[in-house]
Amino acid sequence: MSPETTKNKAGTEQSVTQLCQKYTLIVTEKPDAAKRIAQALDRQGKPQALRENGVPYFVAQRDRKLVVVPALGHLYTIVQDGGKRSSYPVFDFKWAPRHQAERKAKAIRNWVETFSKLSSDADEFMSACDYDIEGSLIGYCILKYACGDKDASAKRMKFSTLMKIELEKAYEEPLSRLDFALIEAGRTRHEVDWLYGINLSRALTLAAHRWSGRYSTLSTGRVQGPALQFLTTREKTIRSFVPTPYWELAAEAEILNSVVEAEYEKKRIETRAEADAVVHACAGKTGDVKNVDVKKVHQNAPIPFDVGT
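Note that this note's numbering has the sequence shown beginning at 21, numbered continuously upward.
Since the hints were made in silico from the structure, they are not lab data. Treat the hints with care, since some could be wrong.
To be verified - Here are the simulated DSSO-like pairs of lysine-lysine, each with C-alpha atoms no more than 30 Å apart in a straight line:
id, residue 1, residue 2
1, K66, K189
2, K178, K164
3, K85, K184
4, K66, K137
Keep in mind that this is a model prediction, so the values were computed, not measured.
Take the sequences, apply the hints, and build the full model.
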């Protein structure tokens with residue numbers, strides 16, 4: 021198949037340029053979301069399903085032609101910009117397609133190339149990725165790198181569910197620009213994670229190599245390192261713990277033909293002798309109820325579970 025053609029469901033080739041002139045390219049986060057969005061926005065609810073290099077996308081008709089293209093989560097990641105893989109420390113980095121950095125992400129190349137190709141004939145761009153930090157970053161990277169700096173002019177569909185009425189409103193009333201506050205938060209988190217991870221991992225690896233004379237990759241990161249430190253400290257505390265014996269006393273008393281459980285006023289008794297003395301003093305004796313406290317407690321219903329977080 022030539023790079024200018026694609027196949028429809030019947031398998032016939034159609035020119036992407038001929039099929040999709042003057043259209044809006046809508047970027048989504050995953051194939052299922054792309055299908056739902058295209059169905060909601062198409063006038064008949066039956067968008068055309070097409071493929072380009074094995075990548076599914078949908079063509080919907082509304083006030084104008086819409087091309088809805090899904091990602092596969094993050095298509096871009098951070099890589100070292102120059103220098104050797106053994107360099108330490110590393111502070112130069114750049115964003116690049118995942119297939120250039122990860123051996124198991126070779127299929128990502130087709131998705132990046134499909135976005136680049138379909139963007140060439142689009143005159144409007146929208147991000148319809150999830151409205152959160154990761155979704156905003158996914159859409160931004162595709163629009164900026166795969167579509168050629170279209171992040172500056174793209175609009176943002178804002179929705180929280182894939183219900184038809186909400187998607188239609190998000191399309192008809194989009195944000196005039198991308199949500200750059202969320203995007204910067206996402207970029208910062210990924211970049212800080214990368215800087216921590218690459219430098220601390222290489223420091224550990226080099227230190228282990230110098231100590232043992234053998235090479236073995238050791239990894240850590242912004243979250244992994246402190247978590248392991250917490251677990252290590254906790255484990256040391258557990259192993260060094262010396263148990264101290266103590267005693268607790270409870271009694272069963274009969275009040276108005278009902279059995280009531282009672283606790284001794286002293287929560288912990290340090291010696292067995294003291295505990296035995298209290299038991300001996302109370303066993304079989306009659307007690308007096310000196311006072312009764314009644315409390316009325318109002319308990320709020322639990323907060324509903326949020327499946328979106």
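Checked hints:
no. : hint        : verdict
1   : K66 - K189  : holds (19 Å)
2   : K178 - K164 : holds (19 Å)
3   : K85 - K184  : holds (18 Å)
4   : K66 - K137  : holds (24 Å)
The structure meets every hint from the earlier list without exception.
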